[in-house]
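Undergrad: These are the residues of each chain, in order.
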Amino acid sequence: MSRCDEKGRPLADQVCTALEFAQKLMRHCDWFSAVPDSVIKKVLPELSPYHFAPRENHAVGMAFGARLGGKSPCVLLQNSGLGLCLDALLGLFVLYGQGLLLVVSNRGELKWEEIQHQDWGRLTLPLLESLGFPVIDFERLGLAGIGRAAHLAQEGKIAILILHRGNLDE
Amino acid sequence: MNRVEALRTLFARHPQAFFVFSNGLTSREAAHYLRRPNCFYLLHAMGEALSVGVGLARSRPGLEVVVIDGDGNALMGLASWSLMPVVNLKYYVLDNGVYDTTGGQPLPALPSVPDWCTVLSITAEREPTPNPPPPAVIWRDTCGWLQEYGKE
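Read top to bottom, the protein sequences are chains A and Y.
Here the working numbering = 1-based position in the first sequence + 827.
Here the working numbering = 1-based position in the second sequence + 1092.
Bound-form chain Y, shown alone:
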C-alpha cells in the first residue's frame, strides 16, 4: 500500500470526519490527490499535527477529528502523545521507516504504540505532486467547512 492508497482507505473509514495531515509528503499527496475542504494540510511545523488535532478536537467536541502523521513527524512530536487520548480524535501514523520527504534517510521505529494510535505500513515511494495550495487558501476553505459544520 502506498501513501495515497492509505489515505483513500482512511477517507472511506471516516466519511464524516475532519482531517489534519502532517507536513511533507503526507500533506502534499493528500492536497493533490484528495483535495477537500474538510482537510487541513500542514505545510510546516513538523511534529505538530497531533497537537493541532488535539486543540481542534477539544475546542469542537462535536466534531470527529482524524490526524494522519508520518512516522518521522510522529517521532518528532512524541511529547504530544501525552495529550492523548481524546475521545473525538483518531490518530494514524503512516509508517515507511524513512524520511521520505527529505530523501529517504532511515529513522528508528516508534518506541511504543498505544492503543489509541493506529500504525499503517506504507511503501517508501512518492507520487509526483505540485506544491500544495497557498496557506491562505487552505485556511479559507477549511474554516468555511468548519463554520458550516457548526451550523448543523
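Just chain A, same shape as in the assembly:
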C-alpha cells in the first residue's frame, strides 16, 4: 500500500482504471443497478444499461427482476449497503436459487477514513464469511477476478467482488 491520494493519505494499489473495470464488467453482465459511491463514481457512467437505485435493497430487487427477464445482473454498492440489502439477497436471489455478481467497495478499512465508515470496514469481510457468500478480492486477482466472480454468479452464487479504496481511479 504505497500509493497516496492528493492529500497524502495512503491508498490501496491501483489495479486498473475505472473505465477498464467497467468494460470488463460489461463483458460478463448485461444489467447493472447501483447506489452511487465515491469509489465507483467513475465506473457507473461507463456502465450500460445502468439503473440508479435509491436504496441498495431496491438495486437488488431490480436486478432480480432483470434476472427473471433473462439478464445476467450485477449490483454495485458501498459496504454499508449490505446492511440494507441483505433481506433482498436472501429473500430473492438465494431463495429462488439465482446468482448475482455483487461489487462491494470496502469503505472504512483505511485508518484515515472517516469514523462513520470504520465499523463497516471492520465488519464487512467477517459478515460476508458468516453468510457463506464467496468473496473475490479484486486487488489480489485483478481483472481476472471479475471473470471469476461472474462465473460463480452463473453457478447460482452470490459472488462478492471486493474493491479497496485506490484499486480504481476516482
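Careful: at least some of the hints might be erroneous.
[Unchecked claim] In silico negatives: residues of chain Y with every beta carbon more than 12 Å from chain A:
1) 1179
2) 1212
3) 1217
4) 1220
[What the hints assert, rightly or not] If we take Cβ atoms under 10 Å as the criterion, some of the chain A residues that face chain Y in the derived model are:
5) 875
6) 891
7) 917
Just so you know, the hints here were simulated from the structure itself, not pulled from any lab data.
Quick reminder that beta carbons are idealized off the backbone N, C-alpha and C, glycines included.
Once you have looked at the hints, place chain Y on chain A.
TA: Relative to the frame of chain A, chain Y by itself:
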C-alpha cells in the same frame, strides 16, 4: 371486495400481462386461487415487489408487467416509487389499512398516491390457504412462460 375478488378483477383487466405479487397474503391467496405460469409470487423480501417489477419491465420492454402490492408492502418499499413511472408497468396497491398477514396491526395511510399508482380498497379478511409452491417451482414455471413469451 376481498383480496381474491380484487385479484380476479385485475386478471380480467390485464389478460396478456405478467404479474408480480408481493409477499404475504397477496402472494399466498394468488398462488392458491389464481395459480398461473404468468405470475411470480414473492415469498419473502417485503417491500421489493415494485423494484422486482421495474427490473423485469425494463429488461423486457415488450412485456406488460403488473405489480400487485399490499399497503404494508408498499409503505415499506416507498423509495422504489422513485423508479416510476415505467411505461410497460402497471402498479396496484391493495389497501385494507392493516398488516393482515401478521395479525391485523393497523398501519398509516400511504402519504400520497401518484397517478401511476392505483389503490384498490379491500376488506381485511383472509381466505384459508396452504403454503405457496416452493420457490424452485415458482421460478421454473414463470421462467418457462417468459421464455415462451419472448419467442412470440
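Undergrad: Taking the hints in turn, state whether each one holds.
TA: Do the hints match the structure? See the list:
1. 1179: Holds, since 15 Å exceeds 12 Å.
2. 1212: Given that every Cβ of chain A is farther than 12 Å from that of residue 1212(Y), nearest at about 22 Å, it holds.
3. 1217: holds, 26 Å
4. 1220: Label holds. Min Cβ-Cβ 24 Å, cutoff 12 Å.
5. 875: violated, 13 Å
6. 891: holds, 5 Å
7. 917: For residue 917(A), the interface hint holds, since the closest Cβ of chain Y sits about 7 Å away, which is under 10 Å.
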